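Engineer: Heads up: the protein sequence lines correspond to chains A and B, in order. Here the working numbering runs 862 ahead of the position in the first sequence, where the first position is 1. Here the working numbering runs 14 ahead of the position in the second sequence, where the first position is 1.
Because the hints were derived from the structure by calculation, they are not lab data. One should not assume that every hint holds.
[Stated by the list, open to error] Residues on chain A that point at chain B, a partial pick, calculated with CB under 8 Å:
| # | residue |
| --- | --- |
| 1 | Asp920 |
| 2 | Pro955 |
| 3 | Thr958 |
| 4 | Ser969 |
[As the list claims (entries may be wrong)] Straight-line C-alpha distance at most 30 Å; calculated DSSO-like pairs for lysine-lysine:
| # | chain 1 | residue 1 | chain 2 | residue 2 |
| --- | --- | --- | --- | --- |
| 5 | A | Lys999 | B | Lys553 |
| 6 | A | Lys957 | B | Lys113 |
| 7 | B | Lys463 | A | Lys885 |
Please read these numbers as outputs of a predicted model, since none were measured by experiment. For every residue, glycine included, the Cβ atom is placed at its ideal position computed from N, Cα and C.
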Amino acid sequence: MSQASEPILQIKDIAKIYPGEGKSTTVLDHISFDVYKEFLCIVGPSGCGKSTLLRIIDGLDKPTSGQVLFHGQPITSPSPKVGVIFQTFALIPWKTVLGNVLMAISSASIQKEEQLKIAQKYIQDVGLEGFESSYPKELSGGMKQRVGIARALALQPEVLLMDEPFSSLDALTAENLRREVVDIWRDPAYPTGSVIMVTHNVQEAVEMADRVIVLSARPAKIVDDVRIDLERPRSPRDPVLYDLADRIISKIS
Amino acid sequence: MTIAYIFALTFALAYGITTAMSHRASHVLLPLLDIFQSVPVLGVVPVVFLIILGTGTGTTPPPEFNQEVASIILIFTAMAWAPTFGVIAGINAIPTDIKEAAHAYGMHGTRYLRQIVLPAVFPELVWSSILAWGGGWYLIPVEEHLSFGQPPNQTQVDLPGLGRFIALAALKADLGLALFGLVVLVGIILAIDRLIWKPLGVRAEKYKYETVAAPRTTATRQSSVVAGVRRYEDRLVSPVLTFFKSERSYAARVLEITRLKRIRHITERLRFPERIGRIPLWGRVLSYAIFVGLVILGLIVTIMSRSQSIERGISLLATDVTALELIAITLLSLSRLVIAYAIALSWTLGAGILIARSQKLSRLLVPIFDIGQSIPATALFPLVVILLVDPFKNSPYLGFTLNLASVLLILTGMQWYLLFNIVGAVNGVPNDILEATAAYRIRGRRFVKEILIPASFPAILIGSIQAWGGGWNALIVSESIGPNVSVPGLGSFLVQASSREPALGAVEIYASLLVMTGTVLIINRLVWRRLLRKADRYKFEA
């Protein structure tokens, strides 16, 4: 993907310190990077603070110091231009598929009918047509995450944040869904410019990303920033990907 | 009370293990348990006294020993059900793979019982024991000072204890003394809670089978509780100031976990209706037959012991009370319960939402509520008498204040169940859901309406069922506040029956108990169980 000169998001010197009894724990140790129109993956060992970083980027969590700029404006609370996809899907059990998708856009100032149309379009796009009135309990894990994706896309976000979106799914479902997410992102009909995905699955990261940011164990620092300029669509079994993954894994351990 | 507890525990283990391990036995034992626990405990009071003390009626008061036996049996009836449900839930919660592993390694009989069943049951036993002791305390103020029988040959039960102290203070209309007794009672209850149950509860954690981590009480918090308990114990001997300081932080931490556990226990218990629904007809019929048989047996024993004939009692009842009257007083009692329930539900829902939305408020309010709920509602009765009844003895407003007092007393028996269930539910909303709603900017009233209230729906139901149980219990005492001070209703009818002509009284007591149990069972079936079936959708997936 081409790199625009203006960054969409700027992560500036973010630190997160949890005060504790006696000594405090530093989770994020002054992290800075810019995000352009690209598919960015953040990888690191489990518990290193990747998810905390993602939450700070969305404004769900506050950094101890530093700030996140979205088109130059600081983010302090969740923005309607940012969609989030959760590892555990985070669907409301008493809302239908349609209800869960509608929930994302119902606070925007759009007419009810228009909202319904948008929601239905994205439910179709993720392949859930006919399941609008099903409840999350009746769906498989893969289908639940599709609802999560539709909910995020319905916002028509400029930035899409994904927190380990495939790690609660079985391997086969995950592989299909990965491909679909990349396809959706590459489709020019979608306005989403940047995707930031947090994962501990390095193979998954190199397969999907234009760029991989590698974090160290706690306190997390950026130890590498790898560009991946491979042609798309990529095959997950491409040997080049394995080499890249090996290189990244050696940086983490 | 301790003796009653030991009996209750033994009963719970025996009954629970038989029910959970034998499929056939569970067909009868489970519905029977369900019926028994629907009988308002306080309603059993006159019956037990009739049976145990009946032999001694007349001019000579029954011997001390009989009185103590009766009081132990009563406390037992208040204590036994929660641990029994706990044992069954604990055994049912043993994962299949553990059972299979035990089987594969040749664990059978007593070894299986000792090494698998008992440890699995331990945590549930601890948590339900807390509930059981609560039920026991509830009875103390009532059963230690009781009078029954007609004035000339009245039987006075007077056991030395705190309960009598408070009751006597109320009789003398001494607000100071009653308050003092109340403070001492609450002090003892809180001390037992802190010193025995909560440390035991922390230890019980070890025996829990690992499932998905409970929302927002993760490993770090548990270890800090252990640390908190240790620090608390260390400081018990150190100066008073540090004591209060540690007590505050300790209480705040432990409370949250205790709540969650109690909630979990209660949720387990509420699965029983579903299981009972699947029990074959013969099991249900047999269990009802056993219950009716026991009631008739009790009736016969009571009346025989007083050398009266049943026919005479029934014919007396027929001339004295019509079925219409019985229905009318039942409706009067029901309306009081409904009013108290409406008040309880509205304030607890508000408080639950406030607690959910502000950490600071939660830390402030939850300990206050904890102390509030540890006061047995029955111990408050004398206070209400002194404040609401005595000053209005000769005023035309007496009818109103009496009804108000009655509703207030019922409220004290109802509200805590609702409150703690709701607080548990709003605290139990998973973190990912909270983040998703924040990320998609669902705030304020929409958050309350679309997330908090639906999320507490199952808890409101569970709390309501318990609250109504508590309400019926409180009803019996609250409608008949003192001699000559009562409002018409099923509760006062029951209490007055015990001071009637023996044969008539016995029949009346049984009649009102049956009506009460019947009403409870009917309301459970018609209202709560139907709603419970709907509640499934509102549960978060584990």
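Engineer: Was the hint right that A:Pro955 lines chain B, CB cutoff 8 Å?
Structural biologist: Hint holds; A:Pro955 Cβ to chain B Cβ min 6 Å, cut 8 Å.
Engineer: Has the given pair, A:Lys999 with B:Lys553, been kept, meaning a C-alpha gap of at most 30 Å?
Structural biologist: 10 Å, holds
Engineer: Would you check the hint for A:Lys957 and B:Lys113, treating anything up to 30 Å between C-alpha atoms as holding?
Structural biologist: 37 Å, violated
Engineer: Given A:Ser969 as an interface hint, is its Cβ closer than 8 Å to any Cβ of chain B?
Structural biologist: 5 Å, holds
Engineer: Should the interface hint for A:Thr958 be scored as holding, given a Cβ-Cβ cut-off of 8 Å against chain B?
Structural biologist: 10 Å, violated
Engineer: Min Cβ distance, A:Asp920 to chain B: is it shorter than 8 Å?
Structural biologist: Result: holds, 6 Å to nearest chain B Cβ.
Engineer: Tell me if the straight-line CA distance from B:Lys463 to A:Lys885 falls inside 30 Å.
Structural biologist: 41 Å, violated
Hint violations for this structure: numbers 3, 6 and 7, all remaining hints satisfied.
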